[in-house]
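K.L.:
First to last, the protein sequences are chains A and B. Be aware that the first sequence starts at 1, since it is given in the working numbering, and climbs by one per residue. Be aware that the second sequence starts at 1, since it is given in the working numbering, and climbs by one per residue.
Since the hints were made in silico from the structure, they are not lab data. Virtual Cβ for every residue (Gly too), placed ideally from N, Cα, C. Honestly, I wouldn't trust all of these hints.
Unchecked claim - Label pairs and their calculated CB-CB ranges:
1) B:E194 with A:W109: 15 to 23 Å
2) A:K83 with B:G321: 56 to 64 Å
3) A:E87 with B:E320: 31 to 39 Å
4) B:A147 with A:L13: 39 to 47 Å
5) A:D110 with B:E320: 23 to 31 Å
6) A:E87 with B:A147: 28 to 36 Å
7) A:L13 with B:R156: 20 to 28 Å
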Amino acid sequence: MGLVDKGRMPKPLTSLFNMGRSYSMWVYQWGLACCAIEMGAAFGSPRYDVMRLGVIPLPASPRQADLVVVSGTVTDKMAPAIKRLYEQMPEPKYVISMGSCANCGGPYWDSYSVTKGVDQIIPVDVYVPGCPPRPEALLEGVVLLQQRIKREDMGARWRGEGYKPMVKEPIVVGGGPVE
Amino acid sequence: MTDLADRQKLSYIAAQAADARLNVELETEGMTLNIGPQHPATHGTLRIIVRLDGEQVVWAEPSAGYMHRGYEKLTEVRTFPQVTALINRIDWLGSFANEVPFILAAEKLMDIEAPPRAQHIRTILFELSRIANVSLFLGDLGVQLGAVTPVFFAFRDREYVLNLIESATGGRFHPNFDRIGGLKDDLPAGWIAETKQVMKRLRAFCDEIEDLLFGNEIFQSRLRGIGVIPADVAKQYGLSGANLRASGVDWDLRRDQSLPLAWDKVDWKVWTHPDGDSFARCWIRLQETRESTKIVDQLLDTIPAGPIMAKVPRIIKVPEGEAWVSTENPLGEMGYYVVSKGDLGPFRVKIRSASFNNISIVPWVLRGVYVPDVISILASLYFILGDIDR
Ligand code: SF4
Numbered sequence: 001m002g003l004v005d006k007g008r009m010p011k012p013l014t015s016l017f018n019m020g021r022s023y024s025m026w027v028y029q030w031g032l033a034c035c036a037i038e039m040g041a042a043f044g045s046p047r048y049d050v051m052r053l054g055v056i057p058l059p060a061s062p063r064q065a066d067l068v069v070v071s072g073t074v075t076d077k078m079a080p081a082i083k084r085l086y087e088q089m090p091e092p093k094y095v096i097s098m099g100s101c102a103n104c105g106g107p108y109w110d111s112y113s114v115t116k117g118v119d120q121i122i123p124v125d126v127y128v129p130g131c132p133p134r135p136e137a138l139l140e141g142v143v144l145l146q147q148r149i150k151r152e153d154m155g156a157r158w159r160g161e162g163y164k165p166m167v168k169e170p171i172v173v174g175g176g177p178v179e
Numbered sequence: 001m002t003d004l005a006d007r008q009k010l011s012y013i014a015a016q017a018a019d020a021r022l023n024v025e026l027e028t029e030g031m032t033l034n035i036g037p038q039h040p041a042t043h044g045t046l047r048i049i050v051r052l053d054g055e056q057v058v059w060a061e062p063s064a065g066y067m068h069r070g071y072e073k074l075t076e077v078r079t080f081p082q083v084t085a086l087i088n089r090i091d092w093l094g095s096f097a098n099e100v101p102f103i104l105a106a107e108k109l110m111d112i113e114a115p116p117r118a119q120h121i122r123t124i125l126f127e128l129s130r131i132a133n134v135s136l137f138l139g140d141l142g143v144q145l146g147a148v149t150p151v152f153f154a155f156r157d158r159e160y161v162l163n164l165i166e167s168a169t170g171g172r173f174h175p176n177f178d179r180i181g182g183l184k185d186d187l188p189a190g191w192i193a194e195t196k197q198v199m200k201r202l203r204a205f206c207d208e209i210e211d212l213l214f215g216n217e218i219f220q221s222r223l224r225g226i227g228v229i230p231a232d233v234a235k236q237y238g239l240s241g242a243n244l245r246a247s248g249v250d251w252d253l254r255r256d257q258s259l260p261l262a263w264d265k266v267d268w269k270v271w272t273h274p275d276g277d278s279f280a281r282c283w284i285r286l287q288e289t290r291e292s293t294k295i296v297d298q299l300l301d302t303i304p305a306g307p308i309m310a311k312v313p314r315i316i317k318v319p320e321g322e323a324w325v326s327t328e329n330p331l332g333e334m335g336y337y338v339v340s341k342g343d344l345g346p347f348r349v350k351i352r353s354a355s356f357n358n359i360s361i362v363p364w365v366l367r368g369v370y371v372p373d374v375i376s377i378l379a380s381l382y383f384i385l386g387d388i389d390r
């Protein structure tokens, strides 16, 4: 793909690629605490059924994944493992932080052993608030992320202009319309 | 199939051989394998370090703490009503059951008792959370052994129970519904009829799982005679709940102690199994789920009328003293030792959670087993990470 390497992407090709990427997301489930069960309900249960959104929740390792859902309490003992997992994922990669604990510490905001927010270690694209969020909220987060991926300028991203989180503002589920 | 004594002897011999191999200088090199911290078989983030000799485990050690959230310290800076919001999240699959022993301990210190209607509804919700907890175990069991279908059934039918809990308490997962002196609200209209239907559905689910899994030959050969825990060892390690009853010890706190809850008003049975192997542990949980649906059914017929809240002051100050209350939670015995100095919050809370003791037997039971059995034994011991690390 010479065009991609040079970073000159025609508009129609970009939107075609973006569509393809947004509807074939492989999600690595990094389930840590109570929220992991709700994530399991969203991804593994017949009632919510995430696969109809074009999301495949069963990659064998983070190296095959495009998206990671960090759901649950991140403790200081766990944090290095999460960082390492994130670094193993291939670009372009996205992160959904699910639950108050992963967003900001949640009910353990004054605990000595909990990392107050996974965004201290890795950049987060979508925040799903709630303790625990309902499975529907997680699904909405996935849909919002897909909408954003469709509008992405892939050329800029693949030109490798340093790594910055590709958006200025993260998405907050239930926090108003996406830009 | 060999009988139990033989199987225990065999596993003992295997453990001895494993010990001997560890002590003798061998030319082959052992291998250290990390299972976890993030592994599908560990229900969360438990790390188990095993030293292998070929396919056999010679030494195993669980490394907990990846989910340590500092509960005991946090309870010291919360007031009594705030603590329930926190301890919901210890065993996150059966949240309501965590609140009850703490509330009972606080009530014991304040010397009040919830009215009979509240006690009844507490027991119903307690059993519902047991069903929500154990039904997921029954589905997950298949996944650990390579059968993916049962987990979909479990998630399907568990949703109905969660809907019930949600319509009664407002919280799908973490109800935070128990109050010192009673309950926050009464049951909504139509709840009783709906619950009866769901219980029928859950019994059908148990039958389905029994047909799919427990009658399956592969399932049986993977679990029968594997991970045998004799009764005396189980007692030494402080196992509780279904893990203990599967070793033939007839001990259930719901029946064996008198608490202001409604289990003594209904007719039910404590199941035990003489084998003590992985299969027995899973089978006991299946039977207990059935038994819970029956308990709920009977309790629904006999809910007494009356208030749901005793007279308590608006600002709750618990008088000085110490109290210990434990109940039979879905995972085993869970207890709270509450020390109060007469303040708004507890001075110290010691939490005894079931899974912590249940996994302490892992180094003993994993010696001499083969690698695939590690997963099935861990699955059958059934722990929840929040319950181990707190
Ligand atoms: S946000 Fe709430 S439900 Fe989710 S992991 Fe934290 S405590 Fe558990």
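K.L.:
Which numbered hints does this structure break?
P.N.:
Per hint list: 1, 2, 3 and 7 violated.
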